[in-house]
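Chains A and B are the protein sequences, given in the same order.
When you read off a place in the first sequence, starting at 1, and then add 114, the result is the number in our numbering.
When you read off a place in the second sequence, starting at 1, and then add 114, the result is the number in our numbering.
Any given hint could be a false lead.
Which copy? The list can't say, so a pair holds if one copy fits it or any two copies do.
Simulated pairs of lysine-lysine, DSS-like, Cα-Cα distance not exceeding 27 Å [unchecked claim]:
| id | residue 1 | residue 2 |
| --- | --- | --- |
| 1 | K239 | K218 |
| 2 | K231 | K218 |
| 3 | K118 | K218 |
| 4 | K218 | K145 |
| 5 | K218 | K266 |
| 6 | K273 | K231 |
| 7 | K273 | K233 |
| 8 | K231 | K145 |
| 9 | K273 | K218 |
| 10 | K233 | K218 |
| 11 | K273 | K239 |
| 12 | K118 | K233 |
| 13 | K145 | K233 |
By construction, these hints were calculated from the structure, which means they are not laboratory data.
Treat the numbers as computed from the prediction; the structure is a model and nothing was measured.
Protein chains: 2
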Amino acid sequence: MHAKAFQDYYPDYFALCYGCGRLNEHGLQIKSYWDGDESVCIFEPRPYHIAVPGYVYGGLLASLIDCHGTGSAAAAAYRMENSAMESAPPKRFLTASLHVDYLKPTPLGIPLEVRGKVKEIRGRKIVISETIAADGMVTVRGEVVAVEVPEKMVAALIKNSG
Amino acid sequence: MHAKAFQDYYPDYFALCYGCGRLNEHGLQIKSYWDGDESVCIFEPRPYHIAVPGYVYGGLLASLIDCHGTGSAAAAAYRMENSAMESAPPKRFLTASLHVDYLKPTPLGIPLEVRGKVKEIRGRKIVISETIAADGMVTVRGEVVAVEVPEKMVAALIKNSG
């Protein structure tokens, strides 16, 4: 049905992240896709991702903003170069800063839609603006400043994973 | 050894939070205490709270900033009134906004020290500035704007928990 998610292209040594790593069996394993110029991720929090009864925990919402943001930054970097997401060396982004505004309580028990768009590109930094909506109502706005992982760090990860 | 943690005073219907609820068996169950004018929380991330091998997941760090911030805001509100943390009605705070700067990667496998201090009090809003340090080195700075839970919401939670 869907194309591969952004996170499905990450090499194994980048696929351990608690938020988005497909190899982290304890983690959230979020999946992000393009939808035109926006990136989208659908995630249904688990019953224990609770703040107070009926509402989603803010730290989980921050985690969705975080990982959907870095994934979107990587996908945008490939798109900007017109290169395929499987091209080597892998482009991956880490979070330099994260901002989240909780506009209203987010109801628990339904799938949430996280949407991102590129706000700004400054050298190796990409700023992604995001929203989280529950049943069509935006409850959270967020922004991630994502920085491309330095090649030295990529090389060290490859070496250590070998 | 220690006095009771801030979170140990929360009534049961406020003790389900994934980040700080003592009754959430899947959650982080963080514990915060006063240390002079600062609040402190020691938390050791689990091995699966990973970003890339050797480093802590940013969403987990954001969750620590979030819950230690709202807990510190509640404790500060009691302290300001010179009232005990078990006084009724319970003072609890929700996060209006969260900002996290990741200054450097945070090493995984050691206890982290989260420290907070009151930056500003504006009516029902309390701003808490925070740091996270690993082995004495500050790796994260954060800020939480915490808002006191409206009495109507407290009343609804009490009613639903009955």
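Hints numbered earlier in the text: which of these fail when held up against the supplied structure? Hint check: 3, 6 and 7 fail, others pass.
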